[in-house]
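Fit chain B to the known structure of chain A by using the hints.
Residue numbers (my numbering), protein chains in the order written: chain A, 1 to 126; chain B, 1 to 228.
Be a bit skeptical, because a hint or two may be false.
[As the list claims (entries may be wrong)] Keeping only pairs whose Cα atoms sit at most 30 Å apart, straight-line, the calculated DSBU-like set for lysine-lysine is:
| no. | chain 1 | residue 1 | chain 2 | residue 2 |
| --- | --- | --- | --- | --- |
| 1 | B | K41 | B | K81 |
| 2 | B | K42 | B | K206 |
| 3 | B | K181 | A | K14 |
| 4 | B | K73 | B | K181 |
| 5 | B | K39 | B | K154 |
| 6 | B | K169 | B | K206 |
| 7 | B | K154 | B | K124 |
| 8 | B | K42 | A | K30 |
| 9 | B | K181 | A | K13 |
| 10 | B | K41 | B | K208 |
| 11 | B | K176 | A | K30 |
| 12 | B | K57 | B | K72 |
| 13 | A | K13 | A | K36 |
| 14 | B | K41 | B | K71 |
| 15 | B | K176 | A | K14 |
| 16 | B | K81 | B | K176 |
| 17 | B | K72 | B | K39 |
| 18 | B | K176 | A | K13 |
By construction, these hints were calculated from the structure, which means they are not laboratory data.
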Amino acid sequence: MNLVDRIEEAYLKKGAPNFRPGDTIKIFAKIREGEKERLQAFEGVVLRHRGGGTRETLTVRKVSYGVGVERIFPLHSPVIDHIEVVQKGKVRRARLYYLRKLSGRKARIEGQEQSEKTPSTPQTAS
Amino acid sequence: MTLGLLGRKKGMTQIFEEDGTIVPVTVLEVGPCTVIQRKEKKNDGYEALQLGFETAKPNRVSKPLKGHFGKKKVGFFRNLKEFRFASVNDFEVGQILSVIGFQTGDTVDVQGITKGRGFQGVMKKEGKHGGPDAHGSGFHRRPGSIGMRTWPGKVLKNMGMPGRMGGEKVMTTHLKVALVKPEENLLLLRGAVPGAREGLVIIYNKEKDFAGRYKQPEKKSEEVSSQG
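Pulled out of the complex, with its shape left as it was, chain A reads as follows:
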């Protein structure tokens, strides 16, 4: 194994659930408020999943109060507590940038309704 890969391995998050672009996921990030630490959830559609090793990141988009919000999370950051897959989505692209221009019914991703009836069990990261 490559030496640099071996160093990265120590920092990788193990047990993250399988997800693809198009899936709706919920990310629980640690947030410091003064002394206290709490978890903040960010739920949205995965637009993009890129990089490998410690550089792996995912872009998650949600519409909050009518405003589109995108956040890029470093997957292996210790700030991320765990990730839940809320819904699997069926898409034909790896980068879902086209969603940015769509709203309402058009922004829905196929395959969501099916999985709504049988919600996939949320997998929890260690």
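Leaving out everything else, chain B in the frame of chain A:
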């Protein structure tokens, strides 16, 4: 006092701090370096340690060096480098210096040989701005004027011209040690280091108490040996 060690650049990556801060790091394999010769004031006029890095086959070593290594009886090495010390009394020939001379948070300087870039123009090599790309401009990446007129009547020294770029000794200073892995002889430095992967680098540690770091393990090994 400055500790210098030889090492090889292994590549770059990024690691996380506990609060999620991403730290860009260069991975270096540093040492172990063996002390081959102690240069002392009374014999050589200055105090320095000659360190060897990476063992070599005896038949790969030149005859003069073979004589030098043979006298010291500490093995044969591919790379030799001398480091000046205020005093070399704390060290002895045959002693092995490793990354334990470094600690997280230390500031180090690293010297390496930059990647050779071949014959380059004045824009890449000297940072000149060149001309416009379009609008009929016939002046794109050329150096332009290199001087004035009858006075001074010559091209000033150090005028940037096209030519060979890279492949030169460069030292990056004030790099912070992000992590030390003594069991693997690895040193992770925050930031970039000159040179290609597997390139030879020289690491200087200017911390004052590094000599003490070498004393402790020595004592431990003595204790272990006395017990066994």
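Quiz prompt | Earlier hints that do not hold, by number | solution = 5, 8
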